[in-house]
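S.K.: The residues making up each chain are set out below.
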Amino acid sequence: MTLPVVLFAIVATITAVSALGVVLSRNVVRMAVWLLFTLIGVSLLYFLLGAEFTGTVQLIVYVGGTLILIVFGVMLTAQGPLRELRTRPAEWVVGGIVGALLFGLLVTASYQIALPPASTDHTLPGPGPLGLTFLGVTETSPTANVTGLPDDVVVPRKPVAYLLPFEIVSVHLLVVLIGAAYLARAKRRVKA
Amino acid sequence: MNELGIQPFLILSAFLFVCGVVCIASKRNAIGVLMGVELVLNAANINLVAFARFNPAFRLDGQVFALMVIVLAAAEAAVALAIILNFYNNHATVDVDSADELKG
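Chains as they are written, first to last, in this note's numbering: chain A, 1 to 192; chain B, 193 to 296.
It should be emphasised that the hints constitute simulated quantities derived from the structure, not laboratory data. This one's a predicted model, so the numbers in the text were calculated from it and none came from an experiment. Among the hints, a few may not be true.
As the list claims (entries may be wrong) - Incomplete in silico selection of chain B near chain A, CB under 7 Å:
hint, residue
1, Leu-204
2, Val-232
3, Val-256
4, Ala-274
5, Ser-290
Note that CB positions come from ideal geometry on N, CA and C, so glycine has one too.
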């Protein structure tokens with residue numbers, strides 16, 4: 001039991017228990033709080049994997065942005081009976097069975113994937129290489145080969161850059177901003 | 193970290209995914225459904241970053257797509273909340289079972 005294993009066990013337990021809390025709690029405010037702990041646990045997992053920049057972005061955008069948005073939605077809509085809408089027990093049974101089957105399927109599938117080649121260098125690129133690849137600088141790790149091929153076939157990765165997806169995401173954010181502002185603008189209520 | 197392997201991350205991500213799917217399927221509050229979607233997206237993100245860590249061919253790609261998923265999830269939450277607020281304005285409820293105007 002080394003330190004990373006112990007840390008992973010702690011963080012994974014926190015994340016899994018909070019995710020279970022999101023599913024099982026009836027009150028929508030409590031669901032939001034459980035979701036907060038799940039998102040923080042996922043960002044700690046990123047830090048544990050060595051992806052510091054992704055973990056920071058997860059904390060800033062998800063915990064600081066998306067979750068605040070959801071809490072605002074809860075605040076604007078949770079009134080009286082709407083705060084606790086109960087699910088019928090039969091639906092819980094069906095949902096639980098389907099969920100357990102899906103979990104079994106995913107676990108067996110994750111044990112059957114071909115293991116990636118063992119490499120000595122496990123450092124993930126920091127914000128510098130990530131920013132460069134978003135700006136269109138083609139760069140890939142020199143030792144990387146395409147995985148999932150037969151053993152005697154070696155195909156090196158082609159260098160890739162992500163300028164076009166970056167531009168698409170930025171335009172998409174603008175469209176979403178305008179669309180959300182149009183959809184949520186103040187209107188007269190049709191029926192009280 | 194190397195002795196841990198990729199499997200624990202995949203299993204944790206599968207657990208989060210299943211929690212999200214059950215949340216989407218069983219919650220009656222529309223905002224609860226939205227939280228289930230967030231859980232599913234986070235599960236996919238854990239997979240992406242774990243493969244970036246353990247497979248040298250995806251060292252850059254995994255993180256890049258995880259960042260894109262985070263940004264697009266924020267956009268999706270904004271639009272979904274706008275739709276939910278509109279629904280609440282028109283129906284005075286957020287129960288997804290009462291959204292049945294399109295039933296044939």
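S.K.: For each hint, tell me whether it holds in the structure or not.
M.R.: Quick rundown of the hints versus the structure:
This hint holds: Leu-204 (chain B) has a C-beta 5 Å from the nearest C-beta of chain A, less than the 7 Å allowed. For Val-232 (chain B), the shortest C-beta to C-beta distance to chain A is roughly 11 Å, which exceeds 7 Å, and the interface hint is violated. Interface restraint check: Val-256 (chain B) against chain A, minimum CB-CB distance 5 Å, threshold 7 Å, status holds. With 7 Å as the threshold, the beta carbon of Ala-274 (chain B) comes within range of chain A, its nearest partner Cβ sitting at about 4 Å, so the hint holds.
Hint status for Ser-290 (chain B) relative to chain A: violated, with the closest Cβ pair at about 10 Å, above 7 Å.
The structure fails hints 2, 5 (numbered hints given earlier, in ascending order).
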